[in-house]
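Visitor: Given the structure of chain A, go ahead and fit chains B and C onto it with the hints provided.
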Amino acid sequence: MTESKKISRRALLKAATVAGIGGMTLGLSKVGEAASPKEKTPAQTKSKKKILGVDVIKVGGQGVISGAHADYGWQIQAGAILAIDEINAKGGILGSKLELKFMDEELKPAVAVKNARYLATEWGAHLLFGVDSSGSAMAIGPILPELDRICVFDHASTHRLTEELVYGKGIKQIFRIAAPVYQESNMAALIFKDFPNIKRWAGIHCDYEYGYSVWALFKDTLKKYRPDVEFVSIAWAPFWTMDFSSHISAVMAAKPDAIIATPWAGEGVMLLRQALMLGVFDKIQAWFQCMGGSVDILEGISREVAAGKFKDKLWATARYIHNYPDAPENNKFVASFRKRWNRFPNYSAESAYSTIYVFKAALEKSRSLKTSDLIKAMEGLKLMTPAGERFFRPEDHQAIYNVPGGRVVIDPNYPIPILGDLKVFPAQAYYRNPPFEALKMDK
Amino acid sequence: METLVFQGLVGLSVSMYLWLLAAGLTIVFGVLGVLNFAHGSLFMLGAYFTFTYYGLWGVNFWLAIALSLLSVAVVGYFMERFFLRHIYHLDHAYQLLLTFGFILIFDDAVKMIWGGVAKIPPMPSFFEGTVSVVGRPFPFYNLFIIGTGLAVAIVVWLLFEKTWWGKMVRASASDREMASAIGVNIPTLFTGVFVFGAMLAALGGALGTPVRVVAPGIGAAMIIQAFIITVIGGLGNLKGAFVGAIIVGTLSAYGILLFPVFELFLIFLIMAVVLMVKPQGLFGG
Amino acid sequence: MKTRLAILILVVLLALLPAYAGKYALYVAIHILLLSIFSLGFNLLFGYTGLLSFGQAGFYAVGAYGCAKILLTYPSLLVGIVGGVVIAGAVSLLLGFLCIRHTRIYFSMLTLSFGMMIFSLAWKWRDMTGGDDGLVGIPRAPLEIPGLFKINMAPMENYYYVVLAFAILAIYLFHRIVHSPMGLAMQGIRDSETRTACIGISVRKYRLLSFTIAGVYAGLAGALLPPLESTVTPPLAHWSHSAEPVLATLLGGVYSFSGPIVGSVLFYLLKDIIVRFTEYWQMCLGIIVVVLVIGFRGGVVSIFSRKGGRR
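Residue numbers (the numbering used here), protein chains in the order written: chain A, 6 to 448; chain B, 123 to 407; chain C, -12 to 298.
Please note that a few of the clues may not be correct.
To be verified - In the BS3-like style, the derived pairs of lysine-lysine whose C-alpha atoms are separated by at most 30 Å in a straight line are:
id : chain 1 : residue 1 : chain 2 : residue 2
1  : B       : Lys241    : C       : Lys137
2  : C       : Lys258    : A       : Lys63
3  : C       : Lys258    : A       : Lys106
4  : B       : Lys241    : A       : Lys106
Think of the hints as simulated: they come from the structure by calculation, not from any bench.
Bound-form chain A, shown alone (with noise of 0.2 Å):
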């Protein structure tokens, strides 16, 4: 008895000076700031001689930077440090410089909303944005009015961000950038209404949310414009697929006319491969790859495609691509991303980019970083980017550009595929409106 009575003493002494210490580093590291933890402004050397009141603009952003799908969180960044890289040079934002901190969340929503309260809490963000997962943007979105921050979303697609925390929670803290869900699945809608020898689509999906609203939207729209067209198959794939083979046989049991995918980065890269491989395109008439015209995917497939393995018969979308607009903006984005890093920008890149640039639009508005004027700055914003014009529609903070969508192909003045036959179709047109009817999503 005593033997243990000692041992838990004694332990008991090293857990108190443990606790102690711990407690003590996390306190400590608040001294340097000289600010009280009540402050809710981020502690900062205040300037009085800076409009915004700082000397530094804290930008706090994550991204997913490990894992099958890695390349978008390094995309978010790289267009970051290009944007605040450029507009340091000029001066910065009414005088005030960029500064960055980026984090990996890991693809986990825990993950995200930690590395949210960390950024804004205690490194002092006075801006976040980035995520990539939809999980992660819906679990962030809820805990943005305690943190008196807002978040543009630049990659997380799901509709449920706009049409349920904005619209319908009122939480105005959150504006997304990239365009959501509305795109790819529309998209695949609009091209091929126009196909009258395509009427039984399969699909081949991600089983997670992304994958269940993409396929609802996709046969609520074409079902619209064509009464006449089957969903004949589906097959769900969960994260961490690695082998696609069984769910490209299921699908092509039922002899479909043309698939349409969700798995996207390395993934979406892989079943394009294995489909290759089981002869798919010399069987069916299309496949549209949602994310297909993003930067890794086509990177992926670039020998497949040049050596016309795909019969022209594979399309895809993307959020933005790096061919459209031909217009000056988007051109020296791209110059100057390329440059840079040498490849070319994805759509995680470009939103990132215009995030920080829509950030320089606001602040040169509101002229103070306090979150409400920074909202009423943002709401109804109208931008150019690289991506064309944006505006941010008050009613839920998405932004409406309009992306295309169009056939993989080679050209010449690229050394990656791109998406040629470009259909391009207003946003305005196929984005959802409210007052927002719940998506019904069957498995």
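Guide: Chains B and C only, in chain A's frame:
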């Protein structure tokens, strides 16, 4: 009917990767008594090494596979000789914990060395093309995988049944002390078995390289399936691992075709049922 | 006397934390308290009874989702937390019946499969659990006893005190349990099943008790989460989450009372701080685990204490 046959064949090719992964896991457990949580990481390393040799350095595909087997053998050697060897006498829990630590280390190590972005290697041209099975195109590559898996099964069986080394291994598995008493160098044997198991896992990873994503975390994603297979087949039982892999692979394939909703839950339910009803597995005694 | 003083100092320090710690530090502190409760329960099963469960996250998730569903319909904090704990306890009792007949590897694998079954239910049963999006918008409901008082929980300091109170209660109860005949029986089972059975102790009964209590503790930790984060998602049930109390306890010390608590502090702080400087926190953690298993199986506590860890 043709659909079921075709789907089953696809499932069979998926099973072969699982077999290669589970084989090593079950051998190591049967002989060393260690359940190597990090076994999936060895599979992942096999894929990464092959990507480097074949995809980046342009080495001949077969040579690249051989080289990555050797590379992973080295990794396995270090793991066993300098770490696992110290904890054989401990509770299984510590072995699980130690090997779990290795999962964390390997996942970040590949990130450090190769970067976090998924790797896409080229497809060896001699593997393109399809064979017509029940009127549908079946990839030549998948046939190759099925063939290789079967070949490995035969070779491993021959190795353990007919060779002198195999007999020593089996003896050590059933009675370590006796085997040692008749002169078997147990520590060396154990290292050899562990390395052998590692190479099997690496082979699975290597063969998957042209068609599957190579990214950090794919090992951890597969290890659970490997556990399920070895449990179903019987921990330590090679025949069980082979049959278990086929069961899991083809059931998954049929699940995707026929019951898309319940696949994940079903697999774990089967594992739980086997553990509760017959923990030694289908073939364990 | 020294023990009592140490505990007093600790409690005072913790009670005063909001005064000198920043908002983020408070958030971290709450998470550490949750992990401590989680790990304490886990260690009753592992350190004291000798059963390594890789499925505790399943009960954590049941507690979390249970509390979340309650709060979404009836926003009263105590009802949500207690409800979550009760549901988690019931589920662990049920599953305990099935699991405790087996030991060692088979037990670990079985708990892993049940935990993952809960995970796949959370992921697929969209109507009930919200699927992979989870349950969103869970209120940080006020602490109230109708007719007596109603305290607003919106300021994080207030919620911190609630969690602290539950943590202190949980630790106190744990102390009572392990120093009771029940606790001794469990340790007996861990050390030698046959001998313990020989002196007339029902091995099964105490294993089940241990399993259920561990599940209750996991459920409590889980139930305290939704009011903090306002979201619960399926990864809470994943086996990689089950690994956290395992690692924390290993780090702190498996064969000591305070090991899980010390370990939780260290584990959480380590991860939080490492992640600010390098993206390779997993490797750092992995190296620490390997070092501990090879050399310091008694954990940090054993390094400081003269008696050290056994085995």
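Visitor: Evaluate each hint against the coordinates.
Guide: Results of checking the hints against the structure:
Among the hinted pairs, Lys241 (chain B) with Lys137 (chain C) is inconsistent with the structure: their alpha-carbon atoms are about 56 Å apart, more than 30 Å. Straight-line distance between C-alpha atoms of Lys258 (chain C) and Lys63 (chain A) comes to about 23 Å, which keeps the hinted pair within the 30 Å bound. A distance of roughly 18 Å separates the Cα atoms of Lys258 (chain C) and Lys106 (chain A); the hinted pair therefore holds under the 30 Å criterion. Taking the CA atoms of Lys241 (chain B) and Lys106 (chain A), the gap is near 26 Å; set against the 30 Å cutoff, the hint holds.
Consistency with the previously given hints fails for number 1 only.
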